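Protein chains: 2
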Amino acid sequence: MDGQTPAGSFSLGTMFRPGLPDPAPRFAGLPKYNFVYGHNDPDQVPAEALAESAARVLSQNGHLLGMYNLGQAPLGHDRLRAFVARKLAQRSGIACTVDDVLITSGSLQAMDLVNNLFVAPGDTVIVEAFTYGGAITKLQKLGARIVPAPLDAGGLDMEALAAILGRLKAEGVTPKFIYTIPTVQNPTGSVLSLERRHRLIALSRDHGVPIFEDECYADLVWSGERPPALYALAPDRVIHIGSFSKSLAPALRLGYIVAAWDVLGRILATKSDAGSSALAQMVVADYVETRFDDHVEDLRAGLHAKLDVLIEALGEEFGTSAELSVPEGGIFLWLKLPDHVDVRTFAKAALDQGLAFNPGPEWACDPESARSHMRLCFALPSPQHIREGIAELARICFEHTGVPERGANRSRV
Amino acid sequence: MDGQTPAGSFSLGTMFRPGLPDPAPRFAGLPKYNFVYGHNDPDQVPAEALAESAARVLSQNGHLLGMYNLGQAPLGHDRLRAFVARKLAQRSGIACTVDDVLITSGSLQAMDLVNNLFVAPGDTVIVEAFTYGGAITKLQKLGARIVPAPLDAGGLDMEALAAILGRLKAEGVTPKFIYTIPTVQNPTGSVLSLERRHRLIALSRDHGVPIFEDECYADLVWSGERPPALYALAPDRVIHIGSFSKSLAPALRLGYIVAAWDVLGRILATKSDAGSSALAQMVVADYVETRFDDHVEDLRAGLHAKLDVLIEALGEEFGTSAELSVPEGGIFLWLKLPDHVDVRTFAKAALDQGLAFNPGPEWACDPESARSHMRLCFALPSPQHIREGIAELARICFEHTGVPERGANRSRV
Chain A
86 MDGQTPAGSF
96 SLGTMFRPGL
106 PDPAPRFAGL
116 PKYNFVYGHN
126 DPDQVPAEAL
136 AESAARVLSQ
146 NGHLLGMYNL
156 GQAPLGHDRL
166 RAFVARKLAQ
176 RSGIACTVDD
186 VLITSGSLQA
196 MDLVNNLFVA
206 PGDTVIVEAF
216 TYGGAITKLQ
226 KLGARIVPAP
236 LDAGGLDMEA
246 LAAILGRLKA
256 EGVTPKFIYT
266 IPTVQNPTGS
276 VLSLERRHRL
286 IALSRDHGVP
296 IFEDECYADL
306 VWSGERPPAL
316 YALAPDRVIH
326 IGSFSKSLAP
336 ALRLGYIVAA
346 WDVLGRILAT
356 KSDAGSSALA
366 QMVVADYVET
376 RFDDHVEDLR
386 AGLHAKLDVL
396 IEALGEEFGT
406 SAELSVPEGG
416 IFLWLKLPDH
426 VDVRTFAKAA
436 LDQGLAFNPG
446 PEWACDPESA
456 RSHMRLCFAL
466 PSPQHIREGI
476 AELARICFEH
486 TGVPERGANR
496 SRV
Chain B
86 MDGQTPAGSF
96 SLGTMFRPGL
106 PDPAPRFAGL
116 PKYNFVYGHN
126 DPDQVPAEAL
136 AESAARVLSQ
146 NGHLLGMYNL
156 GQAPLGHDRL
166 RAFVARKLAQ
176 RSGIACTVDD
186 VLITSGSLQA
196 MDLVNNLFVA
206 PGDTVIVEAF
216 TYGGAITKLQ
226 KLGARIVPAP
236 LDAGGLDMEA
246 LAAILGRLKA
256 EGVTPKFIYT
266 IPTVQNPTGS
276 VLSLERRHRL
286 IALSRDHGVP
296 IFEDECYADL
306 VWSGERPPAL
316 YALAPDRVIH
326 IGSFSKSLAP
336 ALRLGYIVAA
346 WDVLGRILAT
356 KSDAGSSALA
366 QMVVADYVET
376 RFDDHVEDLR
386 AGLHAKLDVL
396 IEALGEEFGT
406 SAELSVPEGG
416 IFLWLKLPDH
426 VDVRTFAKAA
436 LDQGLAFNPG
446 PEWACDPESA
456 RSHMRLCFAL
466 PSPQHIREGI
476 AELARICFEH
486 TGVPERGANR
496 SRV
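Going down the list, the sequences are from chains A and B. Position in the first sequence counted from 1, then plus 85, gives you the numbering used here. Position in the second sequence counted from 1, then plus 85, gives you the numbering used here.
Just so you know, these hints were derived from the structure itself, not from any lab. Bear in mind the structure is a predicted one, so any value in this text is a computation, not a measurement. Yeah, the Cβ is synthetic: ideal placement off N, Cα and C, and Gly gets one too. Any given hint could turn out to be false.
As the list claims (entries may be wrong) - To give an idea of the interface, some chain A residues facing chain B are shown, with a C-beta separation under 7 Å as derived from the structure: (1) 97; (2) 125; (3) 126; (4) 135; (5) 155; (6) 350.
Please model the entire structure based on the sequences and the hints provided.
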C-alpha cells in the first residue's frame, strides 16, 4: 500500500543538500570508436596468470578475508606494499619501506586523499597548464585557485614556473603544492629530464612549496629508461602516487601513495573506507612478484605498436592539419588542429555517431587555450578500429570545421 | 643530495589544511582477545569455493578488467547487481531492478555517498539513540545536528519518534532523514516488527522525512525470517543500503545502495572513484549465484553457536552484573553493567592487556547515556578465546570498578 503512493507525491530530491553536481547521465554503452577514459588493452590483461594467482592466494589465505584489512595494517596488504617498495626502488630510484606505502582504490582515491590533506577553499595550487581533466575538476570542487604552469615539449617550463612562484610570493601567496605528472605527462606524453627535475626540487625548496607527483604512466615509458622520480630526489617535500591501472588493469582499482608517516598517518585519519579490496590486493601481489617485469615489457611493445597505427592513420587522414605530440610512453596522444578549429563544436556530434575523444579544453586549466587540441587514447581500440575511427574523426571534423581539407593521399573538397 | 636535507628542515605538515582529524596511530597488530570492528569468522569464509569462482571468472572474462567498470555501467558489475536484486526480492520483499542497484566499496562508502547527498552543515538528522559508531562520526564530520530517537527491546520506539518529529516540526525543522538499522539493530540486535515498520513509514509520510535504511546484518537473522525491508514498503521515500561484509567477508569491500534513478544518478555524479574493485565483484557474483543461500545458513549456525558460548561465558563471569540484549542475529552483543560502572575507565587498560571491546559511549548519540554499556563482537574469536577473553574482561573490569563482585560460581572479593 505504502509502495503505491502516486509517483511525484514525494520526491527525495527535494531534501538533497544544495550545491550538488548535475545528475549523471544514464549509461548508454561504450562508443564504437572509443578514444577516451584511459582504458587498457583487454587483450593484454594476463587473465590466465591472474586466474592462477587468484586460485592460489584464495586457497592459501582466503580465510583472511574474514578480517578487515586481512588483519593487517590499514595501509594495505603487506605483500603488495612490499612489492610496491621494491618496484619503486628498482624502477624509480625511490628508497622507501612498506611503512611509506598506502594502497588506495586506484590513483583517483589517492588524488582525493592528497588533495583533501592540503586544500581548503581559496587555497592556491599550481597545476601543469595541460593536465589530467579529473585533477582539475577535483581541485575545482575543493574550491582551489588553480594557477597553470606552462609546458613545452620537455614538460614543465622551469623559467616560467620560477616566474609564477616569484609573482605569487610577491602577492604573499604560498601555493599548497605543485601538481605534476613528470613521467609521461598527461596529456602531452613528455618525460621531464633529470636536469629539470633537479631545478623543480630547487624551486620547491626555495619557495617552500610541496610537490605532488603523479606517476600513473611511469612504467610505460617506451625505452624502459626514465629519470628518478621526484620523490627519489627529495622525499621530504614530495608526495608520490602511482597505480596498477595502466600497468595491469584499471578495473582492479589499485593505486598507492608513497609518503612519510607524518603524511600517511594524517591521510589514514581522514580515510573512511576500511581499506581497498583485499582480494584484488592479494591476487595482484601474487601476480606481480614474479611476472610484472615481463608483463610490462610485453604491454609496452603492444601499446607502442598501437601508437604507430594511430600515428599512421592520423597522417593519412589529417595530413599536416594535425600537429602530434608523440608520447614517450603510455596510452594517449595529444594533438593540435589549426587554430581556427574548436574541437568542442563537433565532440557531441562525434559521440552521437559512436566516436569519443577528449576535447582539449577538458584537459586544460584554461579551456580556451586548448580549444584546438584533443587527446586520443589508443590502448582499448583494435588496430582496425583505430584506422576506421580516425577516418571517421576526420570526416566528422571536416563536416563541422572544413579541416582536414585533405589527408596525405586525397582531397576532401 | 636533495634527499639529504636534514630532517625537520621542512615539514609537509605545515601546509596541511586546517580542521584535519588527529593522525591515526601506527598499527600495533590485532589484540589477542578481539571483540571489536565487525570482523567475520575466518573459518567460515568459503575460501575454496571463492578460489574456484575466481579461477573461472578470470579465465572467462579476465580481459574485461582492461576496461573501467568492465565496460559496463558505472553502477557496477551487471551480474552482481542482478544477484542483489534477486536476493532482495527473495529475502527482503524488495521489488527492484538492476537499474536501482549501485555497487559500493562496502556499506561505509554507501553511507558516505548517501550522507553527502543530503547533509549540509547544520542540517538535522534523526538517528537511533544507540547506533553504529561510524554513522555518528560520519554525520558529525558533515556538521549535522544529530537528534537521537529512543530504542526499546523491539527497536525504534514509535511513540517517542512521533513526539520528536512533532517537536522538530514545531521548531520549523524538517530532518533530512531518519537513519535506522531495523533488521538486527546495531548494537542492540533487535528486529523491528512489521507493525512498527508500517508506523515508521506513516510517520515518514506525515512529516515528509526520508528514511535511510541500513541492512548490513539482515541476512544473519537466526530464524531466517524477517519482515520486509522498509524500502519494500515505501520505495519512494526510503534509501536502502546493504553489504556482503557480514554475509561473506568484510575485506572484499562490497556493499550496495538501492534507490530510484533520481537518487542514484545524483549519487553517481558525486562519486569520484571510477567504481569498486571489479575483480571482487566478478568473483562474488559467480560465487553467490549458486551458493549464497547454503553459505548464509551455515554461517548463521556457526555464529549462533559462538553467541551461545559468549552468553554462557558472560553468565559464568559476570553473573547478574551484566544485562544482555540477546541479539536476534548478527555478530555482536550489547550489554549493560550496573549504573555506577563507566566502561571508559578500563577500556584503555583492557587494550593494553590485549583485550578490545567497543565502549558503549562510542555507539551512542549521547555518550553519557551508554557509559555502562559495551558491545562485544563474537564472530572473529574462537570459542576458547571467547571464554578466556570474557574471563579477562571480568578480571579487568573488577580491578577498575569492583564489578562483577561475583560470577555465577564464585566470588571475587
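Hints, one by one, checked against the model:
Taken as an interface hint, residue 97/A checks out: its beta carbon lies about 5 Å from the nearest beta carbon of chain B, inside 7 Å. The interface hint given for residue 125/A is met, as the beta carbon of that residue sits about 4 Å from the closest beta carbon of chain B, less than 7 Å. Residue-level restraint check for residue 126/A holds (minimum Cβ-Cβ distance to chain B is 6 Å; threshold 7 Å). At about 5 Å, the closest approach between the beta carbon of residue 135/A and any beta carbon in chain B falls short of 7 Å, and the interface hint on this residue holds.
For residue 155/A, the interface hint holds, the least distance from its beta-carbon to any beta-carbon of chain B being 6 Å, beneath 7 Å. Among the interface hints, the one on residue 350/A holds; its C-beta lies about 4 Å from the nearest C-beta in chain B, closer than the 7 Å criterion.
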